[in-house]
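Each chain is listed here by its residues.
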Amino acid sequence: MKSAVILFPGINRENDAIAALKQATGTQPTLVWHGETELPNVDIIMVPGGFSYGDYLRCGAMAAKSPIMRAVADRASQGVTILGVCNGFQILTEAGLLPGALMRNASLKFICKNTHLKIENTTTRFTNQYGKGDVVDYPVAHHDGNYFADEDTLNRLEGEGRVVLRYCDANGAVDTETNLNGSQRNIAGIINEAGNVLGMMPHPENAIDPLHGGIDGRGLFKSMVEAVS
Amino acid sequence: MKARVHVTLKNGVLDPQGKAVHHALQGLGFDGVNDVRQGKFIELEIDGTDTAKAKAEVTEMCEKLLANTVIEDYTIELA
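Chains A and B, in that order, are what the protein sequence lines are. Okay, so the first sequence: first residue is 1 according to our numbering, each after it adds one. Okay, so the second sequence: first residue is 230 according to our numbering, each after it adds one.
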């Protein structure tokens, strides 16, 4: 199984993405520079976290217009599995591969901690290793993770089972108290209409080793491997 | 020719930064401020003298990059 990690200037979690993909797939992922126009033939593409282009203009706005993103969009339309984490989620929304936008956290604070997440849909190719309503523990590290979309889009996402992850507490309670960053309806991760592109703010790649403090993130990578093999 | 682009959050989109600025202004004793919305100002120096053409081009720039129309509105002034 082959995978690729896209690298933009200012990205800083590419090695974490590589470690998680390598652990799950058993092969070394290919690192692809943003200026490339072609992608290798891969089963999984990951757009990692960081601060591409220093978050200039808007988080992810510049990276979304990079040459490589045209190739990523082509692969998305062909049904290739694509995971965008943190800045990667912002890039995918700015590129129009996922609906909505990520705004400044409601608290205006950079949030760097572990958070609980409820797995809302276990039938996706990213969550098939989890049980319905499972609560997982992943780290978050972002300033702009406040998910926004208009009401019609939100209702559509909910109706189509495309809200995959929500911020919650250890018991799975989803409410304003457990809303980490002000996201509409506590949304932490969504998939596209075809179900092959997931964008999420939390970092599953930083919860794959007991030394990370937990291994809840392994399931997400295992799910992708399961789905594409 | 100069193009001046103002990008602001759409009505109905919460602006936590604007709220924080409002709060800070109140703290400084400026009590007459009812609301603050924060945005961006982008100035472009562009070729040509055809304002209609420039307007069309800057509009395309706003749609493609300068604004995120999911959450933002933009206005263009040419001078």
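It should be emphasised that the hints constitute simulated quantities derived from the structure, not laboratory data. Fair warning: there could be bad hints in the mix.
[Said to hold, decoys possible] Here are the simulated EDC-like cross-link-like pairs (lysine to aspartate or glutamate), alpha carbons at most 16 angstroms apart as the crow flies:
#	chain 1	residue 1	chain 2	residue 2
1	B	Lys239	A	Asp209
2	B	Lys231	B	Asp260
3	A	Lys65	A	Asp43
4	A	Lys65	B	Asp302
5	A	Lys222	A	Asp43
6	A	Lys22	A	Glu38
7	B	Lys231	B	Asp302
8	A	Lys65	B	Glu289
9	A	Lys222	A	Asp209
10	B	Lys239	A	Glu151
11	B	Lys284	B	Glu274
12	B	Lys284	B	Asp244
13	B	Lys269	A	Asp209
14	A	Lys22	A	Glu226
15	B	Lys231	B	Asp279
16	A	Lys109	B	Glu289
17	B	Lys231	B	Asp264
Values in this document were obtained by computation on a predicted structure and should not be read as measured data.
Right, here's what the structure says about each hint:
no.	hint	verdict
1	B/Lys239 to A/Asp209	violated (42 angstroms)
2	B/Lys231 to B/Asp260	violated (36 angstroms)
3	A/Lys65 to A/Asp43	violated (23 angstroms)
4	A/Lys65 to B/Asp302	violated (20 angstroms)
5	A/Lys222 to A/Asp43	holds (13 angstroms)
6	A/Lys22 to A/Glu38	violated (22 angstroms)
7	B/Lys231 to B/Asp302	violated (20 angstroms)
8	A/Lys65 to B/Glu289	holds (14 angstroms)
9	A/Lys222 to A/Asp209	holds (14 angstroms)
10	B/Lys239 to A/Glu151	holds (14 angstroms)
11	B/Lys284 to B/Glu274	holds (13 angstroms)
12	B/Lys284 to B/Asp244	violated (28 angstroms)
13	B/Lys269 to A/Asp209	violated (42 angstroms)
14	A/Lys22 to A/Glu226	holds (14 angstroms)
15	B/Lys231 to B/Asp279	holds (12 angstroms)
16	A/Lys109 to B/Glu289	violated (33 angstroms)
17	B/Lys231 to B/Asp264	violated (30 angstroms)
Checked against the numbered hints given earlier, this structure breaks hints 1, 2, 3, 4, 6, 7, 12, 13, 16 and 17; the rest are met.
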